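Q: Going line by line, the protein sequences match chains A and B.
Per our numbering, the first sequence starts with residue 1, numbered consecutively.
Per our numbering, the second sequence starts with residue 1, numbered consecutively.
Bear in mind the hints are in silico, worked out from the structure with no lab data behind them.
If you're wondering where the values come from, they're calculated on a predicted model, not measured in any experiment.
Incorrect hints may appear among the rest.
Computed from the model, here is a short list of chain A residues facing chain B with C-beta under 7 Å [what the hints assert, rightly or not]:
1. P9
2. G28
3. L95
4. K96
For lysine-lysine, the following BS3-like pairs were computed, each having C-alpha atoms within a straight-line distance of at most 25 Å [as the list claims (entries may be wrong)]:
5. K166/A to K189/B
6. K98/A to K4/A
7. K166/A to K107/A
8. K104/A to K189/B
9. K61/A to K151/B
Take a look, some chain A residues computed to stay more than 12 Å from chain B by CB distance [stated by the list, open to error]:
10. K2
11. Q50
12. Q51
13. E64
Glycine is no exception: its CB is placed at the ideal position from the N, C-alpha and C atoms.
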Amino acid sequence: MKRKNYMNPYLAGVLLGLVLLAAMFLSGRGLGASGGLKYAVVAAVEAVDQQHAMSSPYYSKYFENGENPLKSWLALEVLGMFLGGFISGALSGRLKFKVERSPKISKSKRLVFAFLGGIFFVYGAQLARGCTSGAALSGMAVQSVAGFVTMIGIFGSAYLFAWFFKRLWI
Amino acid sequence: MGPISILHEIPEWLNLTIAFLIGIGFGFALEQAGFSSSRKLTGMFYGYDTTVLKVFFTAAIVALAGSQLLSYFGLLNLNFVYVNPYYVNAAFVGSIIMGAGFIMGGFCPGTGISAFSIGKIDALFFLIGGLTGAFLFAESYPMIQSLANAKYKGPVRVDEWLGISPGVFTFLLILVAILLFWLAERAEKRFRRPDISSEI
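Here chain A stands alone, though its shape is the one from the complex (with noise of 0.2 Å):
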């Protein structure tokens, strides 16, 4: 199948605008990524050393009252954008595995940078309450002071860092 061209960026901006005023008219929340991610690190500590996940101040406030933390509204969320994510890939001809790098460097060095980067980007969320969904668009989209100020943070600091990384890009 021929890959089709993206959707105009306006276009697709106000259908993640309707996808996220859904989630706040049927939920009364935003939308979110790395909590997801969160959740699954919470549950899989848990079911391999569950001791330890109890006996921390951590993990221990997603077990309270008996709760599953697979079973939250943000696990599902995240869940669905995997099919998501694949339903528009099938759609447009985009499905194929690919390591997507500059031809500057090897795919090795990609896939370490992109393994760093994922590390930083998630523990930098978790430190700042949630990350460019959870965070930044959720928390503009309610004129929040912490979503604006994780908004530029994230972009002023990429900019700031582009620099450095520019053969890893162009």
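With chain A's structure known, arrange chain B on it following the hints.
A: Just chain B, lined up with the frame of chain A:
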């Protein structure tokens, strides 16, 4: 009247089904926008592709203006919609770390999920890194607890903070967005990289 799941009794399975469906819409929109490509996302920081800014601000404004319209017509009670809490130090330090992760990894968590869902192996590594980051945070939490909880301001909103009405603030944000869109379109022409844009 909304938020539906807060103001009305709905069974848990329905609440979780709504979450799953919203997730499908979210993942679909991100992929259609082209957020499944790391070189499209990082184009934002080198000027050759500013899709990130266009999608991001358009979405924020649609949700912001849309929720205010719903509130105006009595369809949505905004007092029950979650407003992110503001921890001054944590938001600042956390977002700096996120920005560094963005330019190293080429994704944020949501776009990483979007890219992995169409088969990008680099996104899989990013997500494994993300799980590792969440684990490291949980394990180091006792050490950084004081930073994480310092200077808590509550779920403060910009309109309250500036002492203006939500409508005026929305209008100002739209003006800022139009200015940014104009700059973004100019940047794409000035820093264009047809070699990259044809690949992504």
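Q: So, for every hint listed, does it hold in this structure?
A: Against the structure, the hints:
With a cut of 7 Å, the hint placing P9/A at the interface with chain B holds, because the nearest CB-to-CB distance is about 4 Å. The criterion of a C-beta within 7 Å of any C-beta in chain B is met by G28/A, whose closest approach is roughly 3 Å, and the hint holds. For L95/A, the interface hint holds, since its Cβ comes within 7 Å of a Cβ in chain B; the closest pair sits about 5 Å apart. Restraint check, K96/A versus chain B: the minimum CB separation of about 5 Å is within 7 Å; hint holds.
A threshold of 25 Å between alpha carbons decides the hint, and for K166/A with K189/B the separation of about 19 Å falls inside it, so the pair holds. Between the alpha carbons of K98/A and K4/A the distance comes to roughly 17 Å, so the proposed pair stays at or under 25 Å and holds. Distance check on the hinted pair: K166/A and K107/A sit about 16 Å apart at the alpha-carbon level, within 25 Å; holds. Between K104/A and K189/B the alpha-carbon distance is near 23 Å, which keeps this suggested pair within the 25 Å criterion.
Of the supplied pair hints, the one linking K61/A and K151/B holds, its CA atoms being roughly 22 Å apart against a limit of 25 Å. No Cβ of chain B comes within 12 Å of the Cβ of K2/A; the nearest lies about 15 Å off, and the non-interface call holds. No beta-carbon of chain B is positioned within 12 Å of the beta-carbon of Q50/A; the least distance is around 15 Å. Listed as a non-interface residue, Q51/A keeps its Cβ farther than 12 Å from every Cβ of chain B; the least gap is roughly 15 Å.
No beta-carbon of chain B comes within 12 Å of the beta-carbon of E64/A; the shortest separation is about 16 Å.
This entry satisfies every hint, going by the numbered hints stated previously.
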